[in-house]
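Protein chains in written order, with this note's numbering: chain A, 1 to 314; chain B, 1 to 543; chain C, 1 to 368.
It is possible that some hints are incorrect.
Claimed, not checked - Residues on chain C that point at chain B, a partial pick, calculated with CB under 10 Å: (1) 27; (2) 115; (3) 189; (4) 193; (5) 202; (6) 315; (7) 323.
Worth flagging that the hints you see were computed from the coordinates, not collected in a lab. Just so it is clear, CB atoms sit at the ideal spot from N, CA and C, and this is done for glycine as well.
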Amino acid sequence: MSENTIAANGGTKTAAADSRNGGVPDKVVRKMTKRRFGVPAALRTPLAIIGLIVLALWVLVIIFAPLLEPHDPLDQLGTRLSAPSAEYWFGTDTLGRDIFSRVIAASRVSIPSSIVLVIFSSVIGSLIGAMAGYFGGWIDEAFMRVTDLVFAFPSTILAMVISAALGPSIQNAIIAVVLVSWPTYARLVRSLVLGLRNSEFVIVGRLLGRSSFASLFKDILPNILPHIFVLMFVDLGDCLLVLSGLSFLGLGATPPMPEWGQMVSEGVTRMTSWWLAFFPGLAIFTVVIAENFVGDAVRDWFDRSYISGNQEGR
Amino acid sequence: MNTKRWSFGNVAKIAVSAVAAGAMALSLAACGGAEGSKNAASSGSTDSSSLVVDSDFDLITMDPARSFETATVSILRATYQSALKYVDNDMSKPQPEICTYTISDDNKVVTLTLNGDHYFADGKKVTVDDIVYSYQRVQGIKGNPSFYLDGVTVAKKDDKSLTLTSETPNPAIPYILPSVNLGIVEKSVVEANGGTTDEKDGAEKYLNQHSAGSGPYQFDTVAMDSKVTLKRNDKFAGDKPKYDKIIINNVDSATELTNIKAGTTDIAMDINSDEAAKLTKDEADVSAGPSGSTTFLWFNADPQYGKVVSNTDFVNAVRKAVNYDKYVALYGEGSEQAYGVVPNQFLGALKSSDDNKYDLTEAKALLKKSGYNNEEVQFLYSSDDDTSTQIAQLFQADMKALGVNIKLVGQPTTTRLDTFRSGKFQSGLSTWGADYPDPSDYFVFAPNENIAKRAGWYTTEGAKSSNGWNGSDSADKIESLVEAARNASGEDERAKTWQDLQEAMNQGSPYVPLVVQGANVVSRPGIGAKYDLLNGVDYTVLK
Amino acid sequence: MAADMVAAKPARPKPRKASPGVTAWMRAHHPLAWYIFKRFLISLFLVFGVTLITFILTNLVPANPVNSILGEQEANDPEAVARMEAKLGLDKPLYEQYWLYLVRLVHGDLGESFLTKQPVTDDLKRVFPATLELGGFVFIFTILFGVLLGLYAALHHRHFADQLIRVLSLGGVSIPTFWLGAMCYYFLFYELGLFPGSGRLDSRISPPPTVTGMYTVDSIIAGDWATFGNAVWHLCLPALVLATANLSSLMRFVRSAVLESMNQDYVLAAKAKGLPSHKVVFGYILRGAAVPILNRMGLLFAGLITGSVLTESIFAWNGLGQYAFKATMALDLQGIMGVGIIIGVVYIFVNFIVDIITGFVDQRVRIQ
């Protein structure tokens, strides 16, 4: 999974509210970042714009998939393994199905499942991390050791074994990846909560009689949510890669519904028909790279405005 | 801050020079590598002393008495001799190898007589004792192939001959004997390495690394997951084989294709038919033919597990709704439609069948009769096998056209076998590979037998000892035909009874035979490897 | 993930009671030794945990190992099944099975793989060097170029080179490994023939005599340069594929670590003092970034050993990843357990080493 500087910094910074502008008056910040139309400068780089356009296109594809498919993605009417042509833009697969239509149809499986995956692992990881950071003591110790263990155990292989044991399906693949990916969130949230739990506004809240639960969810959580969102966004591309990797190995999505990773694996055994693997893989690549372009910009912007307000250089 | 202790300046300089050095080493190595391989490639075309074979294998055991993997067969075929053999894919009559045979009129006693002198790699002569020991070991250690000689008593008659006596008539014995599993091992060597003729046998470890046979080759090195090399057995009694050395590499099928095209391999075992079809004559010879594997659909015949699919009309509707040509096309060159469970080139096979014919209108009528009401049907297949996955989807589409709602359930092969064996799954795709080219091997499809159990197909009588399954009418109806086939003697009668049995199965059984899978062997021009039904490829006949 | 490790490191300073005796004395007088000791204990705990996880995991797998081991005929024979269950110890309660498993483990016995019918230890001895060879090759390559390019990008922050490196590295982490592998395989090998196909050596070349099991090293030891060249040549394509994502992500990491270090007070002070720029870069900036980068390297190495399943499966590289995959598909429990343990141990060991190096390099960690 990709590195992220937020996590690296998160633990050492104090309340986001305090350092929001790094002590610089609001006006100056506004001038420096030149907010136009409410879009931060960091998000107006060429890369981010390209990324946003590509992502927007994919969102449209997902929404209008049935309208965009020239053929039924499950229809086996074409000649088997025919090369890209005017009729079949991306060629046909081993059963004579239109690969272009299948690539489009697969967007409805691959992208939403990675989003679901990110949501699950962030929620589970955040809850565990928040508990550990807030309550400390043996809960924290136990939690740290468990995350150490999950990190120490080979995640790819763990995911492989879990999905093989549960039986191959996209749901089981998601479960398997969630089981190995939650600690990333748990560690981030734990360190953020550690940083915040002794800050003044939390202590004041406790003194005013808030329960631990309320203190955690009403005082602390709103302050760390943006961090979690940024990590989720940055993580999304990785999750798509991991999930399609499992499908590639035959442990993810099941036929006949098309899935990109699984489509690539169908092509690998047939070298003379390069189009089988090329186009679905290209689809994964465009989504992930667009997502990373945007994610990179979001992180830059976030680091600047939330965390490193005093380090304009970054 | 003290910079003396840890100077990153120096480290970086070292790093930079190391990169440069590394890059140089790399480019040098790459040149060397490229040259090296060119040499290898060119030597491939001139050097006739060794034969390079690419095979996508997963060897589990090299003990002939235990092995049951297809990739092992061609290796064992080159290292062990059997009593009898088939020549040129002619399955109608076994020919002598180490022995000649006669069979008694009542089909109960097969007598094998040594046919000339044969020698093991250590120079010792093959004796009747070795043959008797080999057969008794297969029976006694209860490995996968032990059923070959179930109910057979092996006895030495004299120094030249032995008898195989069956309690019931067993006309298949001569057809079974050419199997590599019944290869003759050297008794003294196997015994010295822990071999016995009961389940305490401990010779497998030795036999995994060393061959103890009288074939034209012997094991040189064996790495079961990557590479097997064979060297010539100088003591071999027959003609000296063409190649001194055979190197069998575990290579995935995509690489096999490129290797064949590049000329870096001589024989490729796993090039799929789509790719093979695109090879030109200059690139390779493709030898294809039907294999002994029948792909079939099964539907659980017990209403508690099969539900709607246990209905005979439902299965017959499926039988008519399957577009057979498409399946044959998917399996590629060499494949044929299977008209019954017995592959077309075996004794007793059905050459055609009106029941297994694509006719959607009739299929729909039958489906209506079956009372099917859009229930979801669970369909099991091997998710890690590419062709099974394709076939399953093809079937699902055919069933959609019929109006049957199929839910594909893919499981990795090992898990799938467990599920299938439980006998409780609704339906699925399966393949039966012939153990020996004789219809007797297909009794497993008969009610109460192994395959039938998995498909929940029992006779009323058989169900009583089945631990929870119900008997079905279709099984009871067919029982007399099974008996007739079992008792038949002589080639004509056996063929007739088996054809009758299969006709009946095509009208009322849980099976829908689809395709006799084709198989091929691709070889570099000039090598002339032929697809061998029993062994995949027979290295010993290369000229 | 690496960054999270870093984040987790500066653990919350705990108000500890001064415990009397040896530990307190150790902490006070030999903080480094104490630190190493502590890390060692944690590593031991982790190793134990990994054995527990593998054990639990393999007990959750629904497949019946007995059926898989026994043949068709025998699986129908209840007596044979019972005998095999007894042989595998499956008839004993779970905690006893685990205990027996640990005892065997201590003796280096990982059981017998039913897929290969060989002791798992032997299997691992064979496949591990293949992965180590590929992983080690990629590791060296990645470290050299990753650190240099990352440093270069950071020093030329916001210039063209930085932007280019950024785009390339974002691209590198976005390519699905299996697709890159398949495409490289198709274009560079199948179409253009620039590189050899799968496998570790040409099929006509016999592996060098086994010393380490790594063909490049063994062929050097044997002085067989043709084999060495061929082994390296076979390494190139899988290494390229495996390196792409790893190099990209390391470059980005180094870049941001260096950028962060550039803003530290001591670096600014060194600049203010007017030290020559190369001294500032190598003496101060890189040094400041060393700890996170070292941590990252440890993870990278461990990741290379564990993360090559996809690359290995494309290039039929008979390493740990392929072995793990085959074992998983066949539900070969002993094989899976063996792989899990060896990878876990490697990971823990590498992290332990990195922790120690970090302890030497960075005093802040030691003080804790």
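- Interface hint status, residue 189 of chain C versus chain B (Cβ within 10 Å): Cβ of residue 189 of chain C sits 6 Å from chain B, so the hint holds.
- Message: Is the interface hint satisfied for residue 27 of chain C? The criterion is a beta-carbon contact with chain B at less than 10 Å.
- Response: violated (24 Å)
- Message: So, as I understand it, the hint says residue 115 of chain C touches chain B; can you test that by seeing if any CB pair is closer than 10 Å?
- Response: holds (7 Å)
- Holds or violated: residue 193 of chain C as interface residue toward chain B, Cβ cutoff 10 Å? holds (7 Å)
- Evaluation of the interface hint that places residue 323 of chain C against chain B, nearest CB under 10 Å: holds (8 Å)
- Minimum beta-carbon distance criterion (10 Å), residue 315 of chain C to chain B: Check passed: Cβ of residue 315 of chain C comes within 9 Å of chain B, closer than 10 Å.
- Measuring from the C-beta of residue 202 of chain C to each C-beta in chain B, is the shortest one below 10 Å? holds (5 Å)
When the structure is compared with the earlier hints, a violation turns up for hint 1 alone.
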